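Novice: Top to bottom, those sequences are chains Z and F. For the first sequence, the positions run 1 to 281 when UniProt numbering is used. For the second sequence, the positions run 1 to 281 when UniProt numbering is used.
For the record, the hints were derived by calculation from the structure and aren't laboratory data. Any given hint could be a false lead.
It does not matter which identical chain is meant; a pair holds if it fits inside one copy or across any two.
[Unchecked claim] Restricting the straight-line Cα-Cα distance to at most 25 Å, the calculated cross-link-like pairs of lysine to aspartate or glutamate (DMTMM-like) are:
| # | residue 1 | residue 2 |
| --- | --- | --- |
| 1 | 57 | 72 |
| 2 | 124 | 221 |
| 3 | 135 | 18 |
| 4 | 265 | 220 |
Here the structure is a predicted model, which means the values were calculated and not measured.
Protein chains: 2
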Amino acid sequence: MLSGNLGEVSLLPAVEDDYGGVIVEVTDPMDPGDFSSSLRASLSLWRHQNKKGVWIKLPIQYSNLVHSVVQEGFWYHHAEPTYIMLVYWIPSTKHTLPINATHRVGVGAFVMNDNKEILVVQEKTGKFRGSGVWKLPTGVVDQGEDLSAGAIREVKEETGIDAEFLEVLAFRQSHRTFFDKSDLFFVCLLRPISFDISVQESEIEAARVDLFLCQWMPIDEYMAQSVMSKQNLMKYISDVGLAKFEKGYNGFTPVGVGSVFSDRKSYLYLNSKDLNQAPES
Amino acid sequence: MLSGNLGEVSLLPAVEDDYGGVIVEVTDPMDPGDFSSSLRASLSLWRHQNKKGVWIKLPIQYSNLVHSVVQEGFWYHHAEPTYIMLVYWIPSTKHTLPINATHRVGVGAFVMNDNKEILVVQEKTGKFRGSGVWKLPTGVVDQGEDLSAGAIREVKEETGIDAEFLEVLAFRQSHRTFFDKSDLFFVCLLRPISFDISVQESEIEAARVDLFLCQWMPIDEYMAQSVMSKQNLMKYISDVGLAKFEKGYNGFTPVGVGSVFSDRKSYLYLNSKDLNQAPES
Numbered sequence: 001m002l003s004g005n006l007g008e009v010s011l012l013p014a015v016e017d018d019y020g021g022v023i024v025e026v027t028d029p030m031d032p033g034d035f036s037s038s039l040r041a042s043l044s045l046w047r048h049q050n051k052k053g054v055w056i057k058l059p060i061q062y063s064n065l066v067h068s069v070v071q072e073g074f075w076y077h078h079a080e081p082t083y084i085m086l087v088y089w090i091p092s093t094k095h096t097l098p099i100n101a102t103h104r105v106g107v108g109a110f111v112m113n114d115n116k117e118i119l120v121v122q123e124k125t126g127k128f129r130g131s132g133v134w135k136l137p138t139g140v141v142d143q144g145e146d147l148s149a150g151a152i153r154e155v156k157e158e159t160g161i162d163a164e165f166l167e168v169l170a171f172r173q174s175h176r177t178f179f180d181k182s183d184l185f186f187v188c189l190l191r192p193i194s195f196d197i198s199v200q201e202s203e204i205e206a207a208r209v210d211l212f213l214c215q216w217m218p219i220d221e222y223m224a225q226s227v228m229s230k231q232n233l234m235k236y237i238s239d240v241g242l243a244k245f246e247k248g249y250n251g252f253t254p255v256g257v258g259s260v261f262s263d264r265k266s267y268l269y270l271n272s273k274d275l276n277q278a279p280e281s
Numbered sequence: 001m002l003s004g005n006l007g008e009v010s011l012l013p014a015v016e017d018d019y020g021g022v023i024v025e026v027t028d029p030m031d032p033g034d035f036s037s038s039l040r041a042s043l044s045l046w047r048h049q050n051k052k053g054v055w056i057k058l059p060i061q062y063s064n065l066v067h068s069v070v071q072e073g074f075w076y077h078h079a080e081p082t083y084i085m086l087v088y089w090i091p092s093t094k095h096t097l098p099i100n101a102t103h104r105v106g107v108g109a110f111v112m113n114d115n116k117e118i119l120v121v122q123e124k125t126g127k128f129r130g131s132g133v134w135k136l137p138t139g140v141v142d143q144g145e146d147l148s149a150g151a152i153r154e155v156k157e158e159t160g161i162d163a164e165f166l167e168v169l170a171f172r173q174s175h176r177t178f179f180d181k182s183d184l185f186f187v188c189l190l191r192p193i194s195f196d197i198s199v200q201e202s203e204i205e206a207a208r209v210d211l212f213l214c215q216w217m218p219i220d221e222y223m224a225q226s227v228m229s230k231q232n233l234m235k236y237i238s239d240v241g242l243a244k245f246e247k248g249y250n251g252f253t254p255v256g257v258g259s260v261f262s263d264r265k266s267y268l269y270l271n272s273k274d275l276n277q278a279p280e281s
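Start from the sequences, fold in the hints, and give me the full structure.
Specialist: Pasting the structure below:
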């Protein structure tokens, strides 16, 4: 911790980061004027110490200090419901601070039973509301959630069906889908384990109960929807799903990978079948 | 636009979103007290109109208004360098607002020439600094950048080599890589178009000039690095790259897809070879 007094003005408590910078996390209320004085004195010290990036994490209960920080030349780096992170770059060179998260991750689930019926839903909100279009169950993965787990969860929440994740059939990257942010949408193949459509109210958020109609729909009927000729994304997704069953289409399956830098396991998705086949002669 | 006056207090100009909510973008300076009054009057109206989510986008130059918005019960949704987005949910039910961006997107480039030499770099910062490990060129895609374009750009910046994007060989999802955020890392196959390694200083940011050493390295030598036995991610990536050349491994190639909802084109990445083959008989 770098902390102390400079004359009458107290310095802000800071911890050093791995990149020559400092991080301040405000944990107590302060008068905005006193805070500004402390911040100026602290910046002076950090400049003298050749520090680079300065991060200030302000919990939302101290939103009255945001303006003081901005007035010292800081800009917003990112925000979450409970805090905002502001940042400043001391050197005169162009900053090398990491960028904020840029993408949300969505999943769509292609789930077909042995009768060649596909699990579909109708949404009561969103772009397809009122259109009568039957579509794959889709959703956004939660913070920290594996996309495979997100696909299983969304299917369960929207339809009550238990399913096993098999592979990623395709994915789409699109931009400016939500303000300036981008989107990665993964089309996942899941194998149904249960078959009775019965959404348990206790298992899903109350707000979602009335958002969905769902059914097992013959794949031919699904493909014959007129929307398929207007939305080539939906057409491609259906074609890929069918190719899985009819042509042995290979998507990407997950394998666990580790790192010497971290205990955390993550998943690499790859074409396992092609990787494990014998070399071409 | 919903706008107007309610007695003496002016209402905030707002546009409706697709989900029963409203979006306010502050574009002119306002006195914080006046702003609070307008916001309260507007919330009253929106409540009466059964609106759901209320979004307020505050450019950073109006950081003096952040506190006023928070005091009315709003919380932070996300922030970018130039603005903060705050949000409020009017109904008494649990909110169904979309989550913030959760992922950063990285790319690694597998680039091999006809002599079975692979394009590799050594980083002078980051986790592998000082280790002597030769690795694929990698980087983070910019906001709004297609991952294929990001891979081409990173190869050019780090090595001076021009290359053409061919396909995504594999991808990894990992969590808590940067604060609470997650990461999606795409391993891309690129075909080199130029072969002379010569990083043009004018083409890259000054700060990056001295970060990289690069060379064409025989693939056998690359694979023989001791790090391969410790980092199974690196081993998998090399195996997949080699499988492309030795076994006809299929990754995902991009196809353009459109939407009736948007003029913007985006790319769906899928196993084109499997999709386009004849059905199994």
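Novice: With reference to the structure, classify each hint as holding or not holding.
Specialist: Hints and how they fare:
Within a single copy, residue 57 and residue 72 get their C-alpha atoms as close as 15 Å, and across copies as close as 21 Å, so both meet the 25 Å cut-off. For the identical chains of this complex, residue 124 and residue 221 are intra-copy neighbours only, at 21 Å inside a copy versus 57 Å across copies, given an alpha-carbon limit of 25 Å. For a Cα distance limit of 25 Å, the shortest separation of residue 135 from residue 18 across copies, 19 Å, qualifies, whereas the shortest one inside one copy, 45 Å, does not. In this homomeric assembly, residue 265 and residue 220 never come within 25 Å of each other (Cα to Cα): the closest approach is 40 Å inside a single copy and 27 Å across copies.
Figure legend: structure checked against the earlier numbered hints; the only hint not met is number 4.
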